[in-house]
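Enquirer: I would like the entire structure built from these sequences, with the hints used as guidance.
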Amino acid sequence: MALLEVNSLSVEFGDGPNPFRAVDQVSYSVEKGEVVGIVGESGSGKSVSSLSIMGLIEYPGHVKAEGLTFDGQDLLSMPVKKRRALTGADIAMIFQEPMSSLNPCYTVEFQITEALKIHQGGRKKWRRERAIELLEQVGIPDPKSRLKAYPHQLSGGMSQRVMIAMAIACDPKLLIADEPTTALDVTIQAQIVDLLLELQREKNMGLVLITNDLALVAEAADRVIVMYAGQVVETGPAEEIFSTPRHPYTQALLRSLPESSQGKERLEALPGVVPGAFDRPKGCMLAPRCPYASERCQREVPMVSGDSLRQVRCFTPLDLQGKPAA
Amino acid sequence: MSEAKLTSSTAAGQAESLLSVVDIKKHYQVKTGFMKPEANVKALDGVSFNLDKGKTLAVVGESGCGKSTLARVLTMIEQPTAGELRFDGQDVLGLGAEAAKVLRQKIQIIFQNPYGSLNPRKKVGTILEEPLVINTSLSKQARKQKALDMLAKVGLRPEHYDRYPHMFSGGQRQRIAIARGLMLDPQVVVADEPVSALDVSVQAQVLNLMMDLQQEMGLSYIFISHDLSVVEHIADEVMVMYLGKAVEYGSCEAIFNDPKHPYTQALLSSTPRLDPAHRREKIKLQGELPSPLNPPQGCAFHARCRYANERCAQQQPLLVNESGTQVACFAREEGRL
Numbered sequence: 030m031a032l033l034e035v036n037s038l039s040v041e042f043g044d045g046p047n048p049f050r051a052v053d054q055v056s057y058s059v060e061k062g063e064v065v066g067i068v069g070e071s072g073s074g075k076s077v078s079s080l081s082i083m084g085l086i087e088y089p090g091h092v093k094a095e096g097l098t099f100d101g102q103d104l105l106s107m108p109v110k111k112r113r114a115l116t117g118a119d120i121a122m123i124f125q126e127p128m129s130s131l132n133p134c135y136t137v138e139f140q141i142t143e144a145l146k147i148h149q150g151g152r153k154k155w156r157r158e159r160a161i162e163l164l165e166q167v168g169i170p171d172p173k174s175r176l177k178a179y180p181h182q183l184s185g186g187m188s189q190r191v192m193i194a195m196a197i198a199c200d201p202k203l204l205i206a207d208e209p210t211t212a213l214d215v216t217i218q219a220q221i222v223d224l225l226l227e228l229q230r231e232k233n234m235g236l237v238l239i240t241n242d243l244a245l246v247a248e249a250a251d252r253v254i255v256m257y258a259g260q261v262v263e264t265g266p267a268e269e270i271f272s273t274p275r276h277p278y279t280q281a282l283l284r285s286l287p288e289s290s291q292g293k294e295r296l297e298a299l300p301g302v303v304p305g306a307f308d309r310p311k312g313c314m315l316a317p318r319c320p321y322a323s324e325r326c327q328r329e330v331p332m333v334s335g336d337s338l339r340q341v342r343c344f345t346p347l348d349l350q351g352k353p354a355a
Numbered sequence: 002m003s004e005a006k007l008t009s010s011t012a013a014g015q016a017e018s019l020l021s022v023v024d025i026k027k028h029y030q031v032k033t034g035f036m037k038p039e040a041n042v043k044a045l046d047g048v049s050f051n052l053d054k055g056k057t058l059a060v061v062g063e064s065g066c067g068k069s070t071l072a073r074v075l076t077m078i079e080q081p082t083a084g085e086l087r088f089d090g091q092d093v094l095g096l097g098a099e100a101a102k103v104l105r106q107k108i109q110i111i112f113q114n115p116y117g118s119l120n121p122r123k124k125v126g127t128i129l130e131e132p133l134v135i136n137t138s139l140s141k142q143a144r145k146q147k148a149l150d151m152l153a154k155v156g157l158r159p160e161h162y163d164r165y166p167h168m169f170s171g172g173q174r175q176r177i178a179i180a181r182g183l184m185l186d187p188q189v190v191v192a193d194e195p196v197s198a199l200d201v202s203v204q205a206q207v208l209n210l211m212m213d214l215q216q217e218m219g220l221s222y223i224f225i226s227h228d229l230s231v232v233e234h235i236a237d238e239v240m241v242m243y244l245g246k247a248v249e250y251g252s253c254e255a256i257f258n259d260p261k262h263p264y265t266q267a268l269l270s271s272t273p274r275l276d277p278a279h280r281r282e283k284i285k286l287q288g289e290l291p292s293p294l295n296p297p298q299g300c301a302f303h304a305r306c307r308y309a310n311e312r313c314a315q316q317q318p319l320l321v322n323e324s325g326t327q328v329a330c331f332a333r334e335e336g337r338l
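Residue numbers (our numbering), protein chains in the order written: chain A, 30 to 355; chain B, 2 to 338.
A hint or two may mislead.
Computed cross-link-like contacts, EDC-like style, restricted to lysine to aspartate or glutamate with a CA-CA straight-line distance of at most 16 Å [to be verified]:
(1) B/Lys285 / A/Asp223
(2) B/Lys283 / A/Glu227
(3) B/Lys107 / B/Glu233
(4) A/Lys173 / A/Glu158
(5) A/Lys232 / A/Glu60
(6) A/Lys232 / A/Glu248
(7) B/Lys154 / B/Asp186
(8) B/Lys56 / A/Glu294
(9) B/Lys56 / B/Glu233
(10) B/Lys107 / B/Asp92
(11) B/Lys102 / B/Glu63
(12) A/Lys93 / A/Glu165
(13) B/Lys285 / A/Glu294
(14) A/Lys352 / A/Asp336
(15) A/Lys177 / A/Glu165
(16) B/Lys283 / A/Glu248
(17) B/Lys283 / A/Glu41
(18) A/Lys173 / A/Glu162
In silico negatives: residues of chain B with every beta carbon more than 12 Å from chain A [unchecked claim]:
(19) Glu39
(20) Val42
(21) Gln80
(22) Lys145
(23) Ala153
(24) Phe169
(25) Gln173
(26) Lys285
(27) Pro297
(28) Val321
Think of the hints as simulated: they come from the structure by calculation, not from any bench.
All C-beta atoms in this analysis are idealised placements derived from N, C-alpha and C, irrespective of residue type, glycine included.
Expert: This is the structure in structure tokens:
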């Protein structure tokens, strides 16, 4: 049984007849000890979908799903108290900007032991020792002296390490990392990704890695989910997605990277932009930008097809040569 | 070919270089607290390079290495503490205010964040015409015509002339910022992380636009970035900076195919790669960039470098020419690397 099963999850914002669908019927699963990468550009709904798993969507947002189960328990139907006990302990999240997600008014010690106090209790001395242990685990030099530090005294990389220490404080089974490295420098980025993967292997956690850096996902993830304008457009094993993309959007994303056009004068850019809240097309979301779009793509919304391991949302998925099927 | 190009451009003081910078420094005095002495931050500590017409020099480094300070000094937003800045053979720093104003038109800047660098209360047309109002005596009609031409050039439509910045997406805003930078027909454009705030697919559009404009208008770019895959695509020459100093400076092919400085090697190996064949063995760097307030003695990189020895901890290495590339490293000089 999968650790996390998301079945047809939708998140809508606003009341009234036409709420905005930020996430549109997203389904995926995460196994124990698996690294799943979710990639997509800004506005694709990747952060909102993970926030809804954590139960952090507030009014005017509405979360709907046919099934949202974690470790065999239904998250949506369980009492609020029970869900609160679960999130932060068994499901933990690392947020995007470490500098602004830490509370500037409290010390590192307070913020790390807060999760321990709520979920595990114990004596203050024990919590303090555990905090030192955690800081050591995430590679902070001289952790004892760092306990009394405030977030503004830490660098970006250090803050992100503290965030990770907070997230793994209660030994979660599932860790969701929302763009854990985008705000960091290249060399620090490599350190943080290494640390995350090391912890993931050590504790056999499920790790959901949300990012817009395709190359990072290619190196780190076992399975990849590609999102576009709130929908999942393609899922599959990482090597397959990157070697033979089947959705035109995945193909275009890969081609637009400077790395894929070495020795060429121009980059193969996808024209246009991700549709916003008010200009979403009627049919396939990608139709206005897609080089292969037909008349049918403008009218109808394609459904997800393919087996559970390799799914694609397109009327004419690409074949191994990268050409659309007839 | 690359070697010939490099020797011609790195020989200092040659007439053909459009922009030449010699040992430029920018130090800031900062307060460290009440009743405490002021500290000296060496944001830029002796950087030299030459930029030829129509070429792109990429400046690479982590945050705090002085990239953006370099951009501000080059565009004469800030006066350097010491050093020499020559544009087209003319000494820029010794000029009077009037002459500097004229010269400033030739070196323009594109800022990093298109969400912050456009005035939200001005229409696109006003933003684009502002440089013309200040620097030229064109009529209103001529200014509008020029702004419309420039909009077309950067791939925007004439109706965008009357809109406000909030009505545009990130990629379109960066196009506006580029258009503003080009209004005065500059010869050198300093682009400070022009695509780092943009999505992947839009990033490619903006990079293509920048390369097209370079060919069309014969622009020279100083391209400041931390994204090495972008730099590899767009640059002719690359300068790698660390804590206010250049540690390696050479042609793009040389730096990416055969990085010589241990920091450049680590930077390249930490960049994630799509193609498994391109991935290098990861060099794990310990620690972080030291604070420029309190830089280490000796080579700035020695605390994180696996080749460091006692000499590195005491003396500062200078840039030494090694088969066309300049490298500042003792390990390299002594053949330990």
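Enquirer: Does each hint fit the structure? Answer for all of them.
Expert: So, going through the hints one by one against the coordinates:
The hinted pair formed by B/Lys285 and A/Asp223 meets the criterion: a straight-line CA distance of about 9 Å does not exceed 16 Å. Taking the CA atoms of B/Lys283 and A/Glu227, the gap is near 15 Å; set against the 16 Å cutoff, the hint holds. Restraint check: the Cα-Cα separation between B/Lys107 and B/Glu233 comes to about 26 Å, which exceeds 16 Å; the hinted pair is violated. Taking the CA atoms of A/Lys173 and A/Glu158, the gap is near 9 Å; set against the 16 Å cutoff, the hint holds.
At roughly 14 Å between alpha-carbon atoms, A/Lys232 and A/Glu60 fall within 16 Å of each other, so this suggested pair holds. Among the hinted pairs, A/Lys232 with A/Glu248 is inconsistent with the structure: their alpha-carbon atoms are about 20 Å apart, more than 16 Å. With a C-alpha separation of about 13 Å, the suggested pairing of B/Lys154 with B/Asp186 holds against the 16 Å cut-off. A hinted pair counts as satisfied when its Cα atoms are at most 16 Å apart, and B/Lys56 with A/Glu294 qualifies at roughly 14 Å.
For a cut-off of 16 Å, the pair hint linking B/Lys56 to B/Glu233 stands: about 14 Å separates their Cα positions. About 14 Å separates the Cα atoms of B/Lys107 and B/Asp92, which keeps this hinted pair within 16 Å; it holds. Of the supplied pair hints, the one linking B/Lys102 and B/Glu63 is violated, its CA atoms being roughly 32 Å apart against a limit of 16 Å. Straight-line distance between C-alpha atoms of A/Lys93 and A/Glu165 comes to about 40 Å, which puts the hinted pair past the 16 Å bound.
Using a Cα cut-off of 16 Å, the hinted pair B/Lys285 and A/Glu294 is violated, with the two alpha carbons roughly 33 Å apart. A hinted pair counts as satisfied when its Cα atoms are at most 16 Å apart, and A/Lys352 with A/Asp336 does not qualify at roughly 20 Å. For the suggested pair A/Lys177 and A/Glu165, the alpha carbons sit about 15 Å apart, so the restraint of at most 16 Å is met. With a CA separation close to 12 Å, the supplied pair B/Lys283 and A/Glu248 stays within the 16 Å bound.
The straight-line distance between the Cα atoms of B/Lys283 and A/Glu41 is roughly 42 Å, outside the 16 Å bound, and the hint therefore fails. A distance of roughly 9 Å separates the Cα atoms of A/Lys173 and A/Glu162; the hinted pair therefore holds under the 16 Å criterion. Listed as outside the interface, B/Glu39 is consistent with that label: its C-beta sits roughly 21 Å from the nearest C-beta of chain A, beyond the 12 Å cut-off. For B/Val42, the condition that its CB be more than 12 Å from all CB atoms of chain A holds, with the nearest at approximately 16 Å.
No beta-carbon of chain A comes within 12 Å of the beta-carbon of B/Gln80; the shortest separation is about 28 Å. Here B/Lys145 stays apart from chain A, with its beta-carbon at least about 27 Å from theirs, past the 12 Å limit. Under the 12 Å C-beta cut-off, the non-interface status given to B/Ala153 relative to chain A holds; the minimum distance is some 17 Å. With a least beta-carbon separation of about 10 Å from chain A, B/Phe169 fails to lie farther than 12 Å from that chain, contradicting its non-interface assignment.
Interface exclusion of B/Gln173 from chain A breaks down, the closest Cβ pair being 8 Å apart, not more than 12 Å. For B/Lys285, the non-interface assignment is contradicted: its Cβ lies about 7 Å from the closest Cβ of chain A, within the 12 Å cut-off. With a closest Cβ-Cβ approach of about 16 Å to chain A, B/Pro297 is found to remain outside the 12 Å limit, as its non-interface label requires. The claim that B/Val321 lies off the interface holds: its Cβ sits roughly 24 Å from the closest Cβ of chain A, which is beyond the 12 Å cut-off.
Checked against the numbered hints given earlier, the structure breaks hints 3, 6, 11, 12, 13, 14, 17, 24, 25 and 26 and satisfies all the rest.
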